[in-house]
Amino acid sequence: MKYILLDYVNESGWPELTREEQAQWLGVYRAYMEAMQKAGVLKSSGGLQQTQTATTVRIRNDKTEVLDGPYADAKEQLGGFHIIDVPDLDAALSWAARSPTSLHGVVEVRPMHEGTFLTENILNYLKAR
Amino acid sequence: MEYMLLLHVDESGWPKLSKAEQEQGMAAYRAYTEALKQAGVYKSGSQLGPSSSAKTIRLAGGGQQVLDGPYADAKEQVGGYYLIETPDLESAVSWAARCPTVGHGVVEVRQLVR
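Chains A and B, in that order, give the protein sequences.
Sequential numbering from 1 applies to the first sequence in this note's numbering.
Sequential numbering from 1001 applies to the second sequence in this note's numbering.
Quick caveat, the hints were computed from the structure, so don't treat them as lab data.
Note that this is a predicted model, so its numbers are computed, not measured.
C-beta: ideal position from N, C-alpha, C; glycine also.
Treat the hints with caution; some may be incorrect.
Calculated cross-link-like contacts (lysine to aspartate or glutamate; reagent style EDC-like; alpha-carbon spacing at most 16 Å) [what the hints assert, rightly or not]:
1. A/2 to A/73
2. B/1075 to A/73
3. B/1037 to B/1002
4. A/2 to A/90
5. A/75 to B/1073
6. B/1075 to B/1010
7. A/2 to A/85
8. B/1043 to B/1085
9. B/1055 to A/88
10. B/1037 to B/1085
11. B/1055 to A/90
12. B/1075 to B/1011
Covered stretches of chain A, as calculated for chain B (at least 3 residues, CB under 8 Å) [claimed, not checked]:
13. 36–50
14. 53–62
15. 91–99
Please put together the full structure from these sequences, using the hints given.
Below is the structure:
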């Protein structure tokens, strides 16, 4: 089963760290990703640039609206993600619990549905009928 | 440049659609994914399980706490994503504007750190 681990972090905290502290955290994240790689569970990962660079797009009243800034204005912001392939949710949760992000932010674990968008929803919908 | 398109959707809307409308919705996403692939900008993408199946992990009172549900309790939920590679933000935004999600939800465009 594939799961995505979404890292929600307080962006404003990073610039307040000393250079040594930043180097320490980078090392901790590197070690975490190496551990996932060694275990053969890490499929991909990525860091996102700060939310001030985000753009949101929507259509309202037939007009496309393009706005600066992220969708949600919460205390923590989505800062990165890891996609892992593990046997079950328990394994995904135990990897999430080892994430450095859980020490200073929040890790959200979501199962992934690969392939065509909405396929799974359609199946559930048909089963329910 | 790599960009992540985060699809924020109102999950509760889907079950209210007729079967024909749901098939239309699926076809629109299939066509969009196909267009991304044909343009050579598609890297990966996936629908996510419903936010009700999400768990969040955080440190609380010296121990790690696992809670049911997504991090943010907003009107729309992250329902899926696309990773695309385009020359600049402008082209990423123009791809986002073609995503079926913009008709019923919000697409958030975020550049990846490389």
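Now for the hints, and whether the structure bears them out:
Restraint check: the Cα-Cα separation between residue 2 of chain A and residue 73 of chain A comes to about 28 Å, which exceeds 16 Å; the hinted pair is violated. At most 16 Å may separate the alpha-carbon atoms for a hinted pair to count; residue 1075 of chain B and residue 73 of chain A meet this at roughly 12 Å. Only pairs whose Cα atoms come within 16 Å are accepted, and residue 1037 of chain B paired with residue 1002 of chain B is accepted, the gap being roughly 15 Å. Straight-line distance between C-alpha atoms of residue 2 of chain A and residue 90 of chain A comes to about 12 Å, which keeps the hinted pair within the 16 Å bound.
Distance hint between residue 75 of chain A and residue 1073 of chain B is fulfilled; the C-alpha atoms sit about 12 Å from each other, no more than 16 Å. Between residue 1075 of chain B and residue 1010 of chain B, the direct Cα distance comes to roughly 7 Å. Compliance with the 16 Å bound is thereby established for this hinted pair. Of the supplied pair hints, the one linking residue 2 of chain A and residue 85 of chain A holds, its CA atoms being roughly 4 Å apart against a limit of 16 Å. Annotation: proposed proximity of residue 1043 of chain B to residue 1085 of chain B holds, straight-line Cα distance about 7 Å (limit 16 Å).
Only pairs whose Cα atoms come within 16 Å are accepted, and residue 1055 of chain B paired with residue 88 of chain A is accepted, the gap being roughly 13 Å. At roughly 11 Å between alpha-carbon atoms, residue 1037 of chain B and residue 1085 of chain B fall within 16 Å of each other, so this suggested pair holds. Only pairs whose Cα atoms come within 16 Å are accepted, and residue 1055 of chain B paired with residue 90 of chain A is accepted, the gap being roughly 11 Å. Proposed proximity of residue 1075 of chain B and residue 1011 of chain B is supported: the alpha carbons are some 9 Å apart, at most 16 Å.
Counting residues of the region 36–50 of chain A whose C-beta lies closer than 8 Å to any C-beta of chain B gives 5; at least three are required, and the coverage claim holds. Beta-carbon proximity to chain B at under 8 Å applies to 7 residues in the region 53–62 of chain A; the threshold of 3 is reached and the given coverage holds. Only residues whose beta carbon comes within less than 8 Å of a beta carbon in chain B count, and the region 91–99 of chain A has 4; three or more means the coverage holds.
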